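S.K.: Chain by chain, the residues run as shown.
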Amino acid sequence: MSTTEAATETAPGLRVVQDATCTFCGCVCDDMELTVEGDRITKAKNACVLGKAWFFNHHVEERPEALIDGQPAGYDQAMERAAEILLSARFPLTYGLSDTTTEAQRVALAITDWIGGIVDTTTSVCHGPSGIAFQGVGEVTCSLGEVKNRADYLIFWGGNPAESHPRHFTKYSLMPKGEFVPNGRKDRTAVLIDVRKTKSAKAADHFLQVKPRRDFELAWALRALARGVELDPSIEETTGIPLETLEEIMDGMKKAKFGVILFGMGLTMTRGKHLNSEAVLALARDMNEHTRWSAKPMRGHGNVTGADNVVSWSTGYPFGVHLGSGFPRFNPGEFTASDVLARGEADAALIIASDPMSNFSQPARDHLEGIPSVVLDPKLSDTARTASVAFTTSTYGINTGGTVYRMDDVPIPLRPAFDSPYKSDLEILRGIESRIRQRQLAGSLPGPAVSGA
Amino acid sequence: MAEPFILIPGRTSQQGTTLNEGKYTEGYRVEISTLQVAPEDMQRLELEDGDLVRVYNDVGEFTVPCITARGDELPPGMLFISYGDNSSRLMGGDTQGCGMPDSKGLDVFLETAKASE
Ligand code: SF4
Numbered sequence: 000m001s002t003t004e005a006a007t008e009t010a011p012g013l014r015v016v017q018d019a020t021c022t023f024c025g026c027v028c029d030d031m032e033l034t035v036e037g038d039r040i041t042k043a044k045n046a047c048v049l050g051k052a053w054f055f056n057h058h059v060e061e062r063p064e065a066l067i068d069g070q071p072a073g074y075d076q077a078m079e080r081a082a083e084i085l086l087s088a089r090f091p092l093t094y095g096l097s098d099t100t101t102e103a104q105r106v107a108l109a110i111t112d113w114i115g116g117i118v119d120t121t122t123s124v125c126h127g128p129s130g131i132a133f134q135g136v137g138e139v140t141c142s143l144g145e146v147k148n149r150a151d152y153l154i155f156w157g158g159n160p161a162e163s164h165p166r167h168f169t170k171y172s173l174m175p176k177g178e179f180v181p182n183g184r185k186d187r188t189a190v191l192i193d194v195r196k197t198k199s200a201k202a203a204d205h206f207l208q209v210k211p212r213r214d215f216e217l218a219w220a221l222r223a224l225a226r227g228v229e230l231d232p233s234i235e236e237t238t239g240i241p242l243e244t245l246e247e248i249m250d251g252m253k254k255a256k257f258g259v260i261l262f263g264m265g266l267t268m269t270r271g272k273h274l275n276s277e278a279v280l281a282l283a284r285d286m287n288e289h290t291r292w293s294a295k296p297m298r299g300h301g302n303v304t305g306a307d308n309v310v311s312w313s314t315g316y317p318f319g320v321h322l323g324s325g326f327p328r329f330n331p332g333e334f335t336a337s338d339v340l341a342r343g344e345a346d347a348a349l350i351i352a353s354d355p356m357s358n359f360s361q362p363a364r365d366h367l368e369g370i371p372s373v374v375l376d377p378k379l380s381d382t383a384r385t386a387s388v389a390f391t392t393s394t395y396g397i398n399t400g401g402t403v404y405r406m407d408d409v410p411i412p413l414r415p416a417f418d419s420p421y422k423s424d425l426e427i428l429r430g431i432e433s434r435i436r437q438r439q440l441a442g443s444l445p446g447p448a449v450s451g452a
Numbered sequence: 000m001a002e003p004f005i006l007i008p009g010r011t012s013q014q015g016t017t018l019n020e021g022k023y024t025e026g027y028r029v030e031i032s033t034l035q036v037a038p039e040d041m042q043r044l045e046l047e048d049g050d051l052v053r054v055y056n057d058v059g060e061f062t063v064p065c066i067t068a069r070g071d072e073l074p075p076g077m078l079f080i081s082y083g084d085n086s087s088r089l090m091g092g093d094t095q096g097c098g099m100p101d102s103k104g105l106d107v108f109l110e111t112a113k114a115s116e
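Here the protein sequences come in this chain order: A and B.
The opening position of the first sequence corresponds to residue 0 in numbering that gives the first Met the number 0, with each subsequent residue numbered one higher.
The opening position of the second sequence corresponds to residue 0 in numbering that gives the first Met the number 0, with each subsequent residue numbered one higher.
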């Protein structure tokens, strides 16, 4: 979709872009009305506080096109250097990808395939454990449209949507009037399960304050009740929730017409990880003996769901995939970014729109700092600062079009607001890919099938 | 004397908005460098808002100012900090074979850092 199609000129130099898409969080709200003055967005109607901060702070900054070892450089020179670095690596890692378009994700994956590396996305440190759980027990799923139109019982588990996905309640889950819930909030029951009594608790009818690291036990307690197993009251000591409360919740869950569990990183980042997600997914599955229930992970970054989709449809696996043997191999723990860095295995990195230098474990950060890296980011970050080659990029959704996937796997087109002098991730990655291919073909360098680490 | 706590790093809307303003802005830096402590624990440890505390485990440590958590948001024994450089310092490299390091619900020790001021 071009900028102009949905943009109208209201006053000289002032444009309004209708139906623009916010890519700050996994809600991917596509009902933004942006007022654009030159290269600045001055109003973002319908955006939440996070969306406003996203739109108002991505104006064009004065930065060099790229930095090579900290020195300003042009795109061509930087792409040459990036190709050299990636081609000479024996165990390169491609990482990030959750804040870029699906089109760029595809090229990043192709590059990784050509050089026989590992592709991993920020999924591995957010809902990667849920990805593992899907393979174990499956996922009874639904779209956010179904949640909006049908869900009369909602359980938010291990997340704080009021602060992390501010419009989830109002646009998709709790408040909106839907076809089968015509009175909106009044037709829905909401439960929040968390270790902290967050701002989201105010919006819920029931708040269950689970003891830290006891989500697994709580999910299994509910599974037991779903199956009619009698529970010992000592479950309160284990989980922090009295048995009567659990029974009351289960009663409501069974009476619901359409229930949904929306679970966050309180489950995946805490001890138990994929076993926690598995327990919650299995609970939703078990509930279908009684009535209709689904479970969906609450995804964080704007296109992290797109990253899962692209990596899955290309390799058969969602994240942590090794392509160095000429065929995809998936093994979380072995081929996931945090591990290959912390163990000191990766010898070069291509990092797209992510900042592992500020959010990875200390051993992983220590190793990443010492290896050559190619970083693409619209803003300066700790990762860009330590990169061998750091590209300044335009911002997806604000300057460049493309496709992103909402947290419920629905693809949504972007309507950019204004042009940027900087290249997009897609253009830069294509430039690196073509340079890598030229060199491989000219030198008849062996392909990944024989050169794999 | 150091006391055991459970640390929950997480997202806040303030962290999200300041993140967009830039990771090198004062707002972001303050947000990821402020430790929330339950009111009961603040009282028991005789801490006041702004006092420096040292939080550590076997992986690393950070020293930041603390503030009293809002209302009953945090139960006693639990600490909260916005995700960022500080919380990552306490994350070990082991992912128990799943790709995800322990990032929430971390066992940590807290001690007042006032004396070293
Ligand atoms: S909820 Fe998320 S996608 Fe929607 S406007 Fe807010 S930050 Fe943007």
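Quick caveat, the hints were computed from the structure, so don't treat them as lab data.
Be aware that a few hints might be false.
Subject to a maximum C-alpha distance of 20 Å in a straight line, what follows is the list of computed DMTMM-like cross-link-like pairs (lysine to aspartate or glutamate) [said to hold, decoys possible]: (1) A:K256 <-> A:D186; (2) A:K170 <-> B:E39; (3) A:K51 <-> B:E45; (4) A:K44 <-> B:E20; (5) B:K22 <-> A:E162; (6) A:K196 <-> B:D50; (7) A:K254 <-> A:D231; (8) A:K42 <-> B:E20; (9) A:K196 <-> B:E20; (10) A:K201 <-> B:E72; (11) A:K253 <-> A:E229; (12) B:K22 <-> A:D151; (13) A:K44 <-> B:E110; (14) A:K198 <-> B:E72; (15) A:K254 <-> A:D381; (16) A:K256 <-> A:E145; (17) A:K210 <-> B:E39; (18) A:K210 <-> B:E20; (19) B:K22 <-> A:D186.
Computed from a prediction, not measured in an experiment: that's the story for all the values here.
S.K.: Would the hint linking K196 (chain A) and E20 (chain B) be met if the CA-CA limit is 20 Å?
M.R.: violated, 28 Å
S.K.: K201 (chain A) and E72 (chain B): Cα distance at most 20 Å?
M.R.: holds, 11 Å
S.K.: Assess, step by step, whether the Cα of K210 (chain A) is no farther than 20 Å from the Cα of E20 (chain B), and give holds or violated.
M.R.: Violated, because 35 Å separates the two Cα atoms, which is more than 20 Å.
S.K.: Quick one, are K196 (chain A) and D50 (chain B) close enough, alpha carbons at most 20 Å?
M.R.: It is violated: about 24 Å lies between the C-alpha atoms, which goes past 20 Å.
S.K.: Quick one, are K44 (chain A) and E110 (chain B) close enough, alpha carbons at most 20 Å?
M.R.: The given pair, whose Cα atoms are some 46 Å apart, is violated under the 20 Å limit.
S.K.: If you draw a straight line from the CA of K22 (chain B) to the CA of D151 (chain A), is it 20 Å or shorter?
M.R.: violated, 40 Å
S.K.: Checking one constraint from the list: CA of K256 (chain A) to CA of D186 (chain A), max 20 Å. Satisfied?
M.R.: holds, 11 Å
S.K.: K254 (chain A) and D381 (chain A) were given as a pair; does the straight-line alpha-carbon distance stay at or below 20 Å?
M.R.: violated, 50 Å
S.K.: Quickly compare the C-alpha distance for K170 (chain A) and E39 (chain B) to 20 Å and report which way the hint goes.
M.R.: violated, 37 Å
S.K.: Starting from K51 (chain A), check that the Cα of E45 (chain B) is at most 20 Å away, please.
M.R.: violated, 39 Å
S.K.: Checking one constraint from the list: CA of K256 (chain A) to CA of E145 (chain A), max 20 Å. Satisfied?
M.R.: holds, 12 Å
S.K.: For a C-alpha distance cap of 20 Å, please report whether K198 (chain A) and E72 (chain B) respect it.
M.R.: holds, 8 Å
The structure fails hints 2, 3, 6, 7, 9, 12, 13, 15, 18 and 19 (numbered hints given earlier, in ascending order).
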